[in-house]
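A.B. asks: Starting from the structure of chain D, add chain R with the ligand where the hints point.
Now for the letters of each chain:
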Amino acid sequence: MNVTQLSLFLENKPGRLQSALKVLSEKNINIRTLTIAEVTDFGIVRMIVTRSDEAARALKENHFTCSVTEVLAIEIDDVPGALSRALETFNKHHLNIEYMYAFTEKIDDKAVMIFRFDDIETAKKALIDEGYHIVKKTEIIGE
Amino acid sequence: MFNKESETLQHSKLKEMQYERMKWSLRHAYENVPFYKKSFDDTGFHPDQFRSLDDMQRVPFLMKQDMRANYPFGLFAVPMEKVVRLHSSSGTTGNATVVGYTKNDLDVWGEVIARTIACAGGGPKDIIQVAYGYGLFTGGLGVHYGVEKIGATVVPVSGGNTERQLMLIKDFGTTMLACTPSYAINMTDYVEKNKPDFDFRKTKLRSGIFGAEPWTEQMRREIESRMGIDAYDIYGLSEVIGPGVSCECSEKSGLHVFEDHFYVEVIDPETGEILPEGEMGEIVYTSLTKEACPVIRYRSRDITRLYHDGCKCGRSFIKMEKVTGRSDDMLIIRGVNVFPSQIEAVLMENENTEPHYQIIIDRTGALDDIEIMVEVNERIFSDEIKVLNQLSNRIRQRIQSVLGISAKITLVEPRTIARSEGKAVRVIDKRKLK
Ligand SMILES: [Zn+2]
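Here the protein sequences come in this chain order: D and R.
Using the numbering used here, you'd call the opening residue of the first sequence number 1 and step up by one each time.
Using the numbering used here, you'd call the opening residue of the second sequence number 1 and step up by one each time.
These are computed hints drawn from the structure, not numbers from a lab.
Hints may be right or wrong, so weigh each one.
Below 30 Å or equal to it, Euclidean Cα-Cα: the simulated DSS-like pairs (lysine-lysine) are [to be verified]: (1) LYS430(R) with LYS13(D); (2) LYS60(D) with LYS13(R); (3) LYS408(R) with LYS124(D).
Just a sample of chain D residues kept apart from chain R, beta carbon distances all over 10 Å, derived [as the list claims (entries may be wrong)]: (4) ALA37; (5) ARG85; (6) GLU98; (7) TYR101.
Treat the numbers as computed from the prediction; the structure is a model and nothing was measured.
Beta carbons: idealized from backbone N, C-alpha and C, even for Gly.
The shape of chain D in the complex, shown without the other chains:
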């Protein structure tokens, strides 16, 4: 049920992101979503891709530093206040979010947000109990 996210270390230098993406395209790996968190000198690229193991391997072979992280994809109603309510729920259950970002596509007309919790299993259980729908990995990567 967890979604596998690829995190990649990149320096803030021209052309670096492009050369990482080239490695993936050569392996015919499709990027379902991509977001960059950056500070002055470096950034962390977070991606959800098809065939994540193979993608990680290819990046490492090309001397990129990357890691694989489990995240949760959660359906959020596409109406005002829905995200805020979701965050309230996390708060109530003392679930710590390390970071979050939006998935690029809607699924079944609903928005999908990706969350990285510090304790993914506790978070999952609490959210299911609260009636949230956790999107399966297969739905996200389309396989």
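C.D. replies: Leaving out everything else, chain R with the ligand in the frame of chain D:
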């Protein structure tokens, strides 16, 4: 302890002994070696003026190039009929340096190696496999006679032929291994690759004395866990005697120097001034009992510090920190002496790993700027910005407290630091280019 009386000598008694022996050694060098006579005379120092150990500051240094310039026997202080052994260090640059030993010198050498073995917990019951090279290099034969002196059994296999080394460890029941730390790691790699059924833990091997090259705490942990033994650092220089100048005891924190035979000082490599106990600098050796080849204030270029810590093992001799750097690498940043090895030590203590790094020094206006680039490998990478920021903050704070300078820490991608022949270029000093 092999020689309890000497190794636990009271500090004041030791200083008295060192003073008496130093007087002899200075005179011996001055009267019998033209090089020393000239060098003492040139600086206006005469052995008669030596009234206390505080006068050491006045005695001129002996440099590595002086030894090369006097190749082969120019620094010998006894006639050749008294010299019973020669050794030579190959040296990667320029001429070799040659050292000679009288019968008495060999006795002293055997004694300090016997102490070394005892320091590492060895004794007459041990079977010691000497896998240092035998020959002109001081490692093999040096350790060999010390093993005999302590009454243990020596297996003089010399270096190389890993298959046979392993066979002997097993068949002879070797209890202690003597070789370079990198060869020990080599042996474990060989076992992992070629002999999956060989288990060091099922042999009688329980300790090792490793030296002849600088090595890190990480290498110690690796050897200890892969061989299931205690690994001790032994240290020496052929110019001073060979292995047996100092060694680690059961505490594995610093190496006791055999101060009744070798007088040690730490100096500022830039000014030559003697530094107070505890400060980091270049270690300088003077032999106190050596007959054939006395060395007077020999500048080793090795960087360390000296200290007393009331060691639990009971030895009163001063300790030197594991040598990890050379004074040739010293940088002066905003007036502070900095050794790349200190920065490396900070990186390692933080992350328990040896990341590739590079130190870049530049000057903006009158101020030196120091930047440390650290390659982010998988062990220190995190998918959270926060964690990576904490990492660079931690490194910056430790550098500030250890070196007293503030550095900019930049995290970079793997392979961004230039390598030369596979080794990362550690320092780029842009000040020199301006
Ligand atoms: Zn001790």
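A.B. asks: Are the hints correct? Go through all of them and say.
C.D. replies: These are the hints, each one checked on the structure:
| no. | hint | result |
| --- | --- | --- |
| 1 | LYS430(R) with LYS13(D) | holds, 22 Å |
| 2 | LYS60(D) with LYS13(R) | violated, 61 Å |
| 3 | LYS408(R) with LYS124(D) | violated, 40 Å |
| 4 | ALA37 | violated, 5 Å |
| 5 | ARG85 | holds, 25 Å |
| 6 | GLU98 | violated, 5 Å |
| 7 | TYR101 | holds, 12 Å |
Hint compliance for this structure: hints 2, 3, 4, 6 are not met, and every other hint is.
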